[in-house]
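Here the protein sequences come in this chain order: A and B.
Residues in the first sequence are numbered from 6 upward in steps of one, following the numbering used here.
Residues in the second sequence are numbered from 4 upward in steps of one, following the numbering used here.
Keep in mind that the hints were calculated from the coordinates and are not lab data.
Worth double-checking, as some hints may not be accurate.
Said to hold, decoys possible - Calculated cross-link-like contacts (lysine to any residue; reagent style SDA-like; alpha-carbon spacing at most 20 Å): (1) B/Lys-250 to A/Thr-126; (2) A/Lys-325 to B/Lys-252; (3) A/Lys-88 to A/Asp-204; (4) B/Lys-166 to A/Arg-174.
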Amino acid sequence: MNNLFVYCEIEDGIISDVSLELLTKGRSLANQLKCQLEAVVIGHNLSGIENVVFPYGVDVLHIADDARLAPFTTLPHCSILIKLFQEEKPQIALMGATSVGRDLGPRISSALHSGLTADCTSLEIGSHEDKKAGIVYENLLYQIRPAFGGNIVATIINPDCRPQMATVREGVMKKEIVDINYKGRVNQLEISNYVTDADFTISVIERHMEKSKINIKSAPILVSGGYGVGSKENFKLLFDLAAVIGGEVGASRAAVDAGFCEHERQVGQTGITVRPKLYIACGISGQIQHIAGMQDSAIIISINNDPAAPINTIADYVIKGDIETVIPKMIKYYKQNSK
Amino acid sequence: MVLAKQVPDTRNVGKDAMTAEGTVNRAALPAIFNPEDLNALEQALRLKDQIPGTTVTVLTMGPFRAAEIIRESLYRGADGGYVLSDRAFAGSDTLATSYALSCAIRKMKNIDLIVCGRQAIDGDTAQVGSQVAEKLGMNQITYAEEIISLKKNIIRVKRRVEKGVEVLEGPLPMLVTVNSSAASCRPRNAKLLMKYKYARIPNELQASNEDYTTLCNSRDFLQIGEWSVNDIECDPAELGLSGSPTKVKKIENVIFQAKESKTFTTSDEDIEGLIQELISNHTIG
Chain A
6 MNNLFVYCEI
16 EDGIISDVSL
26 ELLTKGRSLA
36 NQLKCQLEAV
46 VIGHNLSGIE
56 NVVFPYGVDV
66 LHIADDARLA
76 PFTTLPHCSI
86 LIKLFQEEKP
96 QIALMGATSV
106 GRDLGPRISS
116 ALHSGLTADC
126 TSLEIGSHED
136 KKAGIVYENL
146 LYQIRPAFGG
156 NIVATIINPD
166 CRPQMATVRE
176 GVMKKEIVDI
186 NYKGRVNQLE
196 ISNYVTDADF
206 TISVIERHME
216 KSKINIKSAP
226 ILVSGGYGVG
236 SKENFKLLFD
246 LAAVIGGEVG
256 ASRAAVDAGF
266 CEHERQVGQT
276 GITVRPKLYI
286 ACGISGQIQH
296 IAGMQDSAII
306 ISINNDPAAP
316 INTIADYVIK
326 GDIETVIPKM
336 IKYYKQNSK
Chain B
4 MVLAKQVPDT
14 RNVGKDAMTA
24 EGTVNRAALP
34 AIFNPEDLNA
44 LEQALRLKDQ
54 IPGTTVTVLT
64 MGPFRAAEII
74 RESLYRGADG
84 GYVLSDRAFA
94 GSDTLATSYA
104 LSCAIRKMKN
114 IDLIVCGRQA
124 IDGDTAQVGS
134 QVAEKLGMNQ
144 ITYAEEIISL
154 KKNIIRVKRR
164 VEKGVEVLEG
174 PLPMLVTVNS
184 SAASCRPRNA
194 KLLMKYKYAR
204 IPNELQASNE
214 DYTTLCNSRD
224 FLQIGEWSVN
234 DIECDPAELG
244 LSGSPTKVKK
254 IENVIFQAKE
264 SKTFTTSDED
274 IEGLIQELIS
284 NHTIG
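Chain A with its partners taken away, still in its complex shape:
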């Protein structure tokens, strides 16, 4: 009772990274709260899944295994979680900020009348004093997230309602095996106690996972490369950095014309106008046509070995050097310093 729950997403028998990252975070929060970490896996053909989950420090694994539970549809997964949470009364429930977690989470919070905070970038345990009511709450989950287009960072709490629910995007938390021999307990759920036929009214007609469309316009962080990147191979460095810090990759016209990357990524007057929170210009000299398409970015970093590159005049930070040296270091220090 009153433990910390993580909903684990599963696709083709593989638990998604975001769920494993949440188990790792959940374990450390559970240690602080001195409670158990419980996980829920819902799907089909799940035998042996406990061997994947337990090493992350899971004390109890709830398994719902039925042919009708995969692929994911909203209502059956929802019904199972709602009923399970009513029985087990978790104090905290975490799920991935994915198309699955963001589909399920709000429905569950609505049904249980509990607070849900989407896309948290940090989760901490702390206290809160309600001065008006004269109550001090201990061991609350601080749900920290950017809001207002990333212009503010808010700390959200749910003082009275349980579970305290939060979703977190993939890559925000680190995943780490606690103990390869960690052993928890498996709780096989009797499906008929949790779902009804009415939960299965949606049928999946077609399902194919393909490459999604490139969308640099809405990316909050853009790592953009110019002719100075030098080659298509070097562009991979930009993709690596973007993947680590949660951004997309853009390019200047010169880089697109040189065949370093797709036209869909072109920033500038003849490409797409962008206004990200952070624009990292790698080997971009800064022709006016390019600057016109990105000068409204909130913060601009220019990495260039030419100190006289025009882009440096509008950049907030200038790193003088080659991208081959700088980007691997940025990745390294981001990984070391991020939570």
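Knowing the structure of chain A, use the given hints to seat chain B on it.
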């Protein structure tokens, strides 16, 4: 039924979006139609084009100026709309918002399909749609890119998720939330713009310097519905701050750097220092 929200345009955040004191400069952010709600409106209007007898009604919750959302919808082909506005809703989190919206939707009979944007750009939570569906006991399809068909009460929807696409099918009633990858909304129609230019909610008529009251009263289609908390059946304790389980404990502004640039070398200390600075001011991480 289309659910739509008026939002500050957080996408066009430039360097002047923050004041010198580091607070949000709301004056620099115009109020706009939430972009994904426009995608949702287009999906609804397409069904209206295909299926005779379909009525598209738009519901928005917010201050009186949110009537602009209804007008913009009318200009594009919606049949009518309502503004749900009351001080009692102030401070609502997503749960209290969805409660108020669901009470308003219950008031309207014969709602078979609710379409709304996946999320609003000022909050990015993607919660209200699903919570409304739950409160109304409706099934839901989120992350829709296209409503492919609606035949004999069965809706077929293409969903775009992180790694691919899915086509789902299910019976009405249904709530569908629409992605920005869906088709853009059609532009305003010139004839409709002329027709609905003076459409107003009662409160706007009272506040306005120009008097359109006579005009609006003589033409039903110019009267936009306005509902307060007294017009919907609801439990006031579930609204506003008291109905919101989540509380904001603390707000920190993301501080934008001065415009003069700092220069770094490729040394490890310099790059680590830069990364730490970016993390500490919440630019990344």
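Hint by hint, here is what the structure shows:
Restraint check for B/Lys-250 and A/Thr-126: the C-alpha separation of about 17 Å stays at or below 20 Å, so the hint holds. Note on A/Lys-325 and B/Lys-252: the hinted pairing is violated, with a Cα-Cα distance of about 41 Å set against a maximum of 20 Å. Using a Cα cut-off of 20 Å, the hinted pair A/Lys-88 and A/Asp-204 holds, with the two alpha carbons roughly 13 Å apart. With a CA separation close to 14 Å, the supplied pair B/Lys-166 and A/Arg-174 stays within the 20 Å bound.
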